[in-house]
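Asks: One letter stands for each residue in the lines below.
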Amino acid sequence: MNNIVRFSALLSIMLCFTPSVLAWTNDWQSIREATDGIHTIKSEFIQEKHLPILKKPLVSRGLICFHKPGSLRWEYQTPVSSVLITHKGDIKRFIKHEGSFQEDAGAHLEAMQIVLEEISFWLAGQFDKSPGFRATLEQAGQIVLIPKNSQITKFITRIELDLADQPGMIKTVTIFESKTSFTRLTFENTILNESIPPEVFQKP
Amino acid sequence: MNPYLPKFFKSPKVILGLTLIVLALGSCTTAQLVSDSGFPAHQDSSIEKICLSPFVQNKVQFIHSLHVSLPGSNSSKVLGVTNINPENESFESIIMSLEGLVLFHVDFRDGKNEIKKSVDPFSSKAFQDGLIKDIQLIFLVPDGKLAKAGRIGDDTDSAACRYRSANDNLIDIAVLPNQGWSIKKYGATGKLIKSIQAIENSRLHGESQWQYPNRVILKGEGLFGYSLTMDLIEFNDLEESIP
Numbered sequence: 000m001n002n003i004v005r006f007s008a009l010l011s012i013m014l015c016f017t018p019s020v021l022a023w024t025n026d027w028q029s030i031r032e033a034t035d036g037i038h039t040i041k042s043e044f045i046q047e048k049h050l051p052i053l054k055k056p057l058v059s060r061g062l063i064c065f066h067k068p069g070s071l072r073w074e075y076q077t078p079v080s081s082v083l084i085t086h087k088g089d090i091k092r093f094i095k096h097e098g099s100f101q102e103d104a105g106a107h108l109e110a111m112q113i114v115l116e117e118i119s120f121w122l123a124g125q126f127d128k129s130p131g132f133r134a135t136l137e138q139a140g141q142i143v144l145i146p147k148n149s150q151i152t153k154f155i156t157r158i159e160l161d162l163a164d165q166p167g168m169i170k171t172v173t174i175f176e177s178k179t180s181f182t183r184l185t186f187e188n189t190i191l192n193e194s195i196p197p198e199v200f201q202k203p
Numbered sequence: 000m001n002p003y004l005p006k007f008f009k010s011p012k013v014i015l016g017l018t019l020i021v022l023a024l025g026s027c028t029t030a031q032l033v034s035d036s037g038f039p040a041h042q043d044s045s046i047e048k049i050c051l052s053p054f055v056q057n058k059v060q061f062i063h064s065l066h067v068s069l070p071g072s073n074s075s076k077v078l079g080v081t082n083i084n085p086e087n088e089s090f091e092s093i094i095m096s097l098e099g100l101v102l103f104h105v106d107f108r109d110g111k112n113e114i115k116k117s118v119d120p121f122s123s124k125a126f127q128d129g130l131i132k133d134i135q136l137i138f139l140v141p142d143g144k145l146a147k148a149g150r151i152g153d154d155t156d157s158a159a160c161r162y163r164s165a166n167d168n169l170i171d172i173a174v175l176p177n178q179g180w181s182i183k184k185y186g187a188t189g190k191l192i193k194s195i196q197a198i199e200n201s202r203l204h205g206e207s208q209w210q211y212p213n214r215v216i217l218k219g220e221g222l223f224g225y226s227l228t229m230d231l232i233e234f235n236d237l238e239e240s241i242p
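So the sequences go chain by chain: A and B.
The first sequence begins at 0 in numbering that gives the first Met the number 0 and counts up by one.
The second sequence begins at 0 in numbering that gives the first Met the number 0 and counts up by one.
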């Protein structure tokens, strides 16, 4: 009898809790509210690059650190060590060569500046406020972003964001350059609202 | 109005970096002169086989990180994917940012290149011509006739060969077993244009036991001299997957 009571209680809790968890992805207002209490994010990521030319996807791994409103560190650990930092509106890439980090001469940063600015919007839950993309909430848990201008479509034709069950979190980001060329990022071991020292957003 | 446009053009560092890469990779200015002295004089038909061992022998795929060092301590790193078919000397190559955005894509076959994607400044013809020549020099057997061949010192497994192309360019290849190999290209006036050095030659690839170095350094000589360090990330045999 005790077991039945316990099971019923557990079931009641689940039934009450589940709709509120899922509800955060239903509309922009709910998404914004779910991210309001998030000030910092630290997460590991696995990136798969898919290209028709590749025999198998190229896999990279790294870490992401975000501090509201717009400080972001995007670090690749394998196969090539590099750190991309956007802080106070400035973007810099540092590349590891012969054991030490040096600032990248600057080529092709403009595309990544667009991506990082977008990511800052996403992590702040402001998907519908992006200046560069038109966002639609296509089905529960998925947001599709389409570029508004041709400067961006040179690099990106579509972005799909799959929201996690945990309120305020993104599970995967898929950045399409074309129908057959895309980059998929899967986030894992995410930690919210842990203190991030300021030097994380400075030259490594 | 596009909110990103001002940022594209406001960064002098971005413009400088891009311009230097294009100028460097397109540069053909030369400085060093070729020398005949010390080149092995004795000929042996088996030597050429050793000289050609650094070049791709099957349909393969390379994924490299490409670290470009430019004058003035400027440097940049990108990823390069190159699929090569030595049978018809065709190749397909992609350059992408470290984050995976494709910046340049070329398909070279039957002596012609088809640019499938190029983002400025990679759309410059100087860059495209320079890149195609670099890929051919690094991976494919040189065109032209064997002019000289010999051993290096007393090492019977070593070899050095000189090829002369139709336009009188010279390509010298030196192979020292367990120490890697080097390639030097000289212009018709005898000045050194490019040199390639295999730094590590320890990794075995494929069932054929064909070796390809973990690191190759290409240097372009001249006013806009540059250095390209290619570190091997992945190597795939495409013999079965490409018709």
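Among the hints, a few may not be true.
Listed next, the stretches of chain B that the computed footprint assigns to chain A, with coverage defined by at least 3 CB atoms under 8 Å from CB atoms of chain A [unchecked claim]: (1) 75 to 81; (2) 90 to 96; (3) 210 to 224.
Not everything, but these chain B residues come out facing chain A in the computed CB check (under 8 Å) [as the list claims (entries may be wrong)]: (4) L69; (5) G99; (6) L100; (7) I114; (8) V118; (9) S122; (10) I195; (11) I198.
Hints in this document: simulated from the structure, not taken from any laboratory.
Note that the structure is predicted; figures quoted are calculated from it, not measured.
Glycine included, each C-beta is placed from N, C-alpha and C at the ideal position.
Asks: Next step is simple, just say for each hint if it's right about the structure.
Replies: Each hint, compared with the structure:
With 5 residues having a beta carbon nearer than 8 Å to a beta carbon of chain A, the stretch 75 to 81 of chain B meets the requirement of three or more and the stated coverage holds. For the stretch 90 to 96 of chain B, the assignment as covered by chain A holds, since 4 residues bring a beta-carbon within under 8 Å of that chain's beta-carbons and 3 suffice. With 0 residues having a Cβ less than 8 Å from any Cβ of chain A, the stretch 210 to 224 of chain B misses the three-residue criterion, and the hint is violated. About 7 Å separates the beta-carbon of B:L69 from the nearest beta-carbon of chain A, less than 8 Å, and the hint is met.
A least Cβ separation of about 4 Å between B:G99 and chain A falls short of the 8 Å threshold, and the interface hint therefore holds. Contact between B:L100 and chain A, as hinted, is supported at the beta carbon level, the nearest pair being about 5 Å apart and thus within 8 Å. Below 8 Å, beta-carbon pairs count as interface contacts, and B:I114 has none with chain A, the closest being about 14 Å; its hint is therefore violated. A hinted interface residue such as B:V118 counts as satisfied when its beta carbon comes closer than 8 Å to some beta carbon of chain A; here the least separation is about 6 Å, so the hint holds.
Residue-level restraint check for B:S122 is violated (minimum Cβ-Cβ distance to chain A is 11 Å; threshold 8 Å). For the restraint placing B:I195 at the interface with chain A, the shortest Cβ-Cβ distance is roughly 19 Å, beyond the 8 Å limit, so the hint is violated. With its C-beta approaching chain A no nearer than about 12 Å, B:I198 sits outside the 8 Å limit, and its interface hint is violated.
Comparing the model with each earlier hint shows violations of hints 3, 7, 9, 10 and 11; every other hint is respected.
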